[in-house]
Amino acid sequence: MNKNPMLPYLGNLVEVRDLAADIKLFRVELLNGGGEAFQTFQPGQFAFVSAFGLGEAPFGIANASGRGPAIDFAVARLGSVTTGLHELGKGDIVGVRGPLGNWFPMKKFKGKNLIVLGGGIGGAPLRPVIQHVLDHRFDYGHLTILWAARHPSLLVFTDEYDEWRAAPDTDLHLTVDTPDKKWDHNVGLITQLLEKVSPSPENIVTITCGPPIMIHFVTKLLQEKMGFAPKNNYVTLEARMHCGMGKCGRCNLGEKLICVDGPVFNMEEVGGLLETFL
Amino acid sequence: MSESNIDQKRWLISQSELEAWLDGIANARTLIAPRQVSGIMLYRSVEKSDEIAWYGQTSSSAQASFPVMSVKEIFFPPTERLFTIQKTGQEIRLEETFPDWETVVFGVRPCDARGVKLLDALFLDTNPIDSFYARRRRNTTLIGLACTEMRPTCFCTSVGGAPDNARDMDIMLYETDGGYIAEAVTEKGRFLIPGGEWKVTTITPQQTTFNKQFLVPEKREWPKHFNDAYWNKISERCLSCRACAYVCPTCRCFAIRDEMIRPGEFERIRCWDSCAGENYRRVAGGHQPRAEKSERLRNRFYCKFFYYSEQYGLGAASACTGCGRCIEVCPAGVDITEVLMDLEKPV
Amino acid sequence: MYEPRIVAFLCSWCSYTGADTAGIARMKSPANIRAVRVPCSGRVSPELVMRAFDQGADGVLVLGCHIGECHYDTGNHRAAKRFPILRSLMAFTGLEPERLRLDWVSASEGERFSRIADEFTGAVRALGPVHWRVSLDGRQVASRMLAVAREAIPYPETDCTAKTEVIRQKARELLANDQVSCVIGYEVSRRGRTRPVFVYTPEETERLVWNPDCTNNLTSYLPARLRPVKGKEPPKPVAVVVKPCDSKAINVMVAENLYRRDQVYALGVACDGIRDPDGCLQTRCVTCQEAVPIVCDTLISGTTSSFIPRLSSYAREEIAELQDATPAERLEFWLGQFDRCIRCYACRQACPMCNCPVCLYERDDSTFIGLGISLNEKRTFHLGRAYHLAGRCVGCNECERACPMDIPIGLLNQKLAEEIEAAFDYRAGLTVAPSPIVTVLSGEYKEG
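Chain order of the listed sequences is H, C and L.
Note that my numbering numbers the first sequence so that position 21 is 41, with each residue one more than the last.
Note that my numbering numbers the second sequence so that position 174 is 180, with each residue one more than the last.
Note that my numbering numbers the third sequence so that position 249 is 253, with each residue one more than the last.
So here's chain H without its partners, still in its complex pose (with noise of 0.2 Å):
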């Protein structure tokens, strides 16, 4: 018999630090075949990552493939599971199940301009397309990325900004809803940051990924008052799930499964289905 699926590999944690307020990045590298099994995972995709003893939840993957081989995975502490993940440090062995779900269809992006959406731990898919496309810089048009979050306690990322910004044809936006003492950029939505920046909808792609709420509002905003097809919006959307395979039915979005038709949709699909995300 082939593998069988429930079964997680093991990953060595090589790296925990702390990334934002409660939320940690963990840095796996995979044993016993794992390796083999995640050497081409594509931007978008997730995996359920087990503290063992507690259970699984599903983490997007945090890190392009070429930046392996180890994959990184933010995780906010919020229910058992992942205060059990936070309880662990260097050297503590984690399951990985993976890589599951669609990915962002870089290669149909090659050319185009892209914007990058992401609010508060939302960054963290998004980063293996930030990594991409710096990595392959010249095969792709105008990178924005519009990069959010409540407090600045809760950005996530933000030793790499300088790379981002050195990058060419690169610009990075950042603001906040509740500055503090130190905070010398922009103060609001991402909303109304995005206004502010104001792309042009020609040859453009946009990435988002946030609370629902936030998806809500700015591909709204995107779709009907700044001229933006719905076919060139994308979202990496998150639901509860259990088996991240297709079988337990949990994360379905109406006539989809966010597990095996996702986390990657484009709006115009997302749009027609039943359910809405929100």
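You may find that some hints are simply not true.
[Said to hold, decoys possible] For lysine-lysine, the following BS3-like pairs were computed, each having C-alpha atoms within a straight-line distance of at most 30 Å:
(1) H:LYS240 - H:LYS216
(2) L:LYS236 - C:LYS299
(3) C:LYS239 - L:LYS174
(4) H:LYS251 - C:LYS230
(5) L:LYS32 - C:LYS239
(6) H:LYS132 - H:LYS251
(7) H:LYS128 - H:LYS245
(8) H:LYS44 - C:LYS93
(9) C:LYS93 - H:LYS110
(10) C:LYS351 - C:LYS299
(11) C:LYS230 - C:LYS351
(12) C:LYS123 - H:LYS23
(13) C:LYS15 - C:LYS93
(14) L:LYS240 - C:LYS299
(15) C:LYS194 - H:LYS23
(16) C:LYS299 - L:LYS234
(17) C:LYS239 - L:LYS236
(18) H:LYS23 - C:LYS93
(19) C:LYS239 - C:LYS218
(20) H:LYS240 - L:LYS234
(21) H:LYS110 - H:LYS44
(22) C:LYS239 - L:LYS240
(23) C:LYS299 - C:LYS225
(24) C:LYS230 - H:LYS240
(25) C:LYS351 - C:LYS239
(26) C:LYS123 - H:LYS240
(27) H:LYS240 - L:LYS236
(28) C:LYS299 - L:LYS174
(29) C:LYS239 - C:LYS194
(30) C:LYS225 - H:LYS251
(31) H:LYS201 - H:LYS216
(32) C:LYS218 - C:LYS54
(33) C:LYS54 - C:LYS15
(34) H:LYS245 - C:LYS230
(35) H:LYS130 - H:LYS240
Hints were generated in silico from the structure; no laboratory data involved.
Because the structure is a prediction, the values reported are computed rather than measured.
Please arrange chains C and L on chain H, whose structure you already have, making use of the hints.
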């Protein structure tokens, strides 16, 4: 001859021949059949054929002869261990556990067998193959028993089935004067039949009387009703209790969690769950996409008649077998046939 | 050789220090004791105790301050009230209540701690390891049937048309005058099944009926409908058709601050009993003691009444049979019943009193119970639920009726209702007062 009869041959066996055959099977393998368990009928393992709750021949009430739970629990049990986890210091060792015994199920009704076929579409025919379901399925033979009558809540004939349809069985039996008519439907079934000992017959089984049929909306009719206020109305009485999903032959939602066996040793288990439950889609941060009862009940119907079929390639067929258990079991009187008939009415 | 594992819940202020005192004075205490420090013995809830047993304890010891010396004044009172009820539930289900002991030890009583620890460990050792923690692996549990057959009292013929008319008329009035936003009553479905219905306009009141199959406890729908929502106007009152048993639930819910009495208009029916699918009187009706609803804004009575309290107490005969059986027989009976359970939660959802936003036994972090639909979990769930209903259950028995597996869980509730009445002279729902073993913390329901 029925399409599902691979030998194009029928046998006539008496009650005692049937019992002797089943006794033989119970000796060599695990035999599961309907049994009375503290006053209700369930599919449970039997050691001898006299433990079986015989019906049809002895009970005139079709109501009493239908196990409360479908055969789903044989292939997809309420709780299943996926693997064990040994933790020693920082070291982790995983050990897979697989079910591995030969089972024969006797007394399967066509609606339940259809349910198994529908679960096959999910667990076997859609990648990745579920190893647990696959093993149980491979190692199990279904001996069907045609219903002599339909219960008031039965509606298999309205969803493409019939009370005497043999298509999803391995062996099919039909009650008749003097005993049972037996057919082999699959190779697996024929393997169990002691061909030489049984008397070949030319009697054809008598067709069961069908309940009044009603039209079920086609798949493509469902999307337009998604935002109807109707779902609010019918869900008001729903208690979000999930009994309907658990007795259903095809509901398959499950949850996965690790549990401690003893310090340092854990098991990862999967257990039944249902979209009707309040906390089904609640995420750790607290967000509840289906906070309203109406959204949950609507999802259950849409999954049954639209989503499941789309996701697992059933074509025009729905995932409902018309067994009527959900109607029997609902404490609040939610009635699937009522919903189907209401949707079929012109707007 | 078997050495019992004892989990001891020790309160920070007295007994934990008492244990310390014993240690400092080098008094020997058995190594079997695993101490868990809690702020107060009142913190030790039954689900913690059962979890300790489920996770391997052979005995559970709870030690608090002496009565009158609790640091929180009345924390140990809670323990004093709870544990006898929990022990009687354990006894009723064959779970050896001798494995659970509650006692009092002050900070200076090192010797007392040592003595109690010794005594208890010896007692638990003598009982042997817990044998009701079951590891089944597919084995079926034999199920003992009860010998007592419920007397099949044929349902009396009564004319319900008068009551139906009064209900419809009153509902029309309430809706037309805008006194209520909705009337929750009963209707007959197209299939002929009597079930709940929600009526919003005077025209719709034609759907309302009263008949011998009006079994649902409609008060289960009230908390969700009347729950205050932050930032919104309080919901308008709702009218609900209630039988005497159902009406008691309103008192309990009001006592627990789920809604205010003036938010409910009770259409109270003087009930002649409810019929079960076999055409006989339901069990709860055989033992019913109330002819007219306790909570009632309009009394709906017929021209005749055939209500007769049939038994002198409301306890079921099956309880007597189980009391007379040996503990081993009781255990065999109950494990056999729980074995059939599929943890669908129909019992919980049908119950008007089970209205916690997230059930303790459905938490995602497995604090009190595992996820599995396995015998240990099922036993814990049913015992836990029965305990949580002690002094709150009004005996509508909808839980038992809703159970797809015909498990007689109503017996657990009845048994504890008896215990509560014996200990506190209290029956749920007769007045607006909470259960004697429940502590109501705030005077007002806050939106969660």
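Verification of the hints:
1. H:LYS240 - H:LYS216: Between LYS240 of chain H and LYS216 of chain H the Cα gap is close to 16 Å, so the pair holds against 30 Å.
2. L:LYS236 - C:LYS299: Distance of about 20 Å is within 30 Å: holds.
3. C:LYS239 - L:LYS174: Holds, because 22 Å separates the two Cα atoms, which is no more than 30 Å.
4. H:LYS251 - C:LYS230: Holds, because 23 Å separates the two Cα atoms, which is no more than 30 Å.
5. L:LYS32 - C:LYS239: 68 Å, violated
6. H:LYS132 - H:LYS251: 14 Å, holds
7. H:LYS128 - H:LYS245: Holds - the C-alpha atoms of LYS245 of chain H and LYS128 of chain H are around 25 Å apart, at most 30 Å.
8. H:LYS44 - C:LYS93: 23 Å, holds
9. C:LYS93 - H:LYS110: Within the cut-off at roughly 16 Å; holds.
10. C:LYS351 - C:LYS299: 24 Å, holds
11. C:LYS230 - C:LYS351: 13 Å, holds
12. C:LYS123 - H:LYS23: 24 Å, holds
13. C:LYS15 - C:LYS93: Violated - the C-alpha atoms of LYS93 of chain C and LYS15 of chain C are around 57 Å apart, more than 30 Å.
14. L:LYS240 - C:LYS299: 20 Å, holds
15. C:LYS194 - H:LYS23: 26 Å, holds
16. C:LYS299 - L:LYS234: 20 Å, holds
17. C:LYS239 - L:LYS236: 23 Å, holds
18. H:LYS23 - C:LYS93: 22 Å, holds
19. C:LYS239 - C:LYS218: Roughly 26 Å between the alpha carbons, so the hint for LYS239 of chain C and LYS218 of chain C holds.
20. H:LYS240 - L:LYS234: Measuring from Cα to Cα gives roughly 28 Å; hence the hint holds.
21. H:LYS110 - H:LYS44: Holds. LYS110 of chain H to LYS44 of chain H sits at ~12 Å (cutoff 30 Å).
22. C:LYS239 - L:LYS240: Holds, at roughly 19 Å.
23. C:LYS299 - C:LYS225: Roughly 23 Å separates the two Cα atoms, so the pair holds.
24. C:LYS230 - H:LYS240: 23 Å, holds
25. C:LYS351 - C:LYS239: 16 Å, holds
26. C:LYS123 - H:LYS240: Between LYS123 of chain C and LYS240 of chain H the Cα gap is close to 43 Å, so the pair fails against 30 Å, i.e. violated.
27. H:LYS240 - L:LYS236: The given pair, whose Cα atoms are some 27 Å apart, holds under the 30 Å limit.
28. C:LYS299 - L:LYS174: OK: LYS299 of chain C and LYS174 of chain L at ~29 Å, within 30 Å.
29. C:LYS239 - C:LYS194: 48 Å, violated
30. C:LYS225 - H:LYS251: It holds: about 26 Å lies between the C-alpha atoms, which stays within 30 Å.
31. H:LYS201 - H:LYS216: This hinted pair holds, its Cα atoms lying about 23 Å apart.
32. C:LYS218 - C:LYS54: 38 Å, violated
33. C:LYS54 - C:LYS15: 28 Å, holds
34. H:LYS245 - C:LYS230: The given pair, whose Cα atoms are some 28 Å apart, holds under the 30 Å limit.
35. H:LYS130 - H:LYS240: Holds - the C-alpha atoms of LYS240 of chain H and LYS130 of chain H are around 25 Å apart, at most 30 Å.
Consistency with the previously given hints fails for numbers 5, 13, 26, 29, 32, ordered from lowest to highest.
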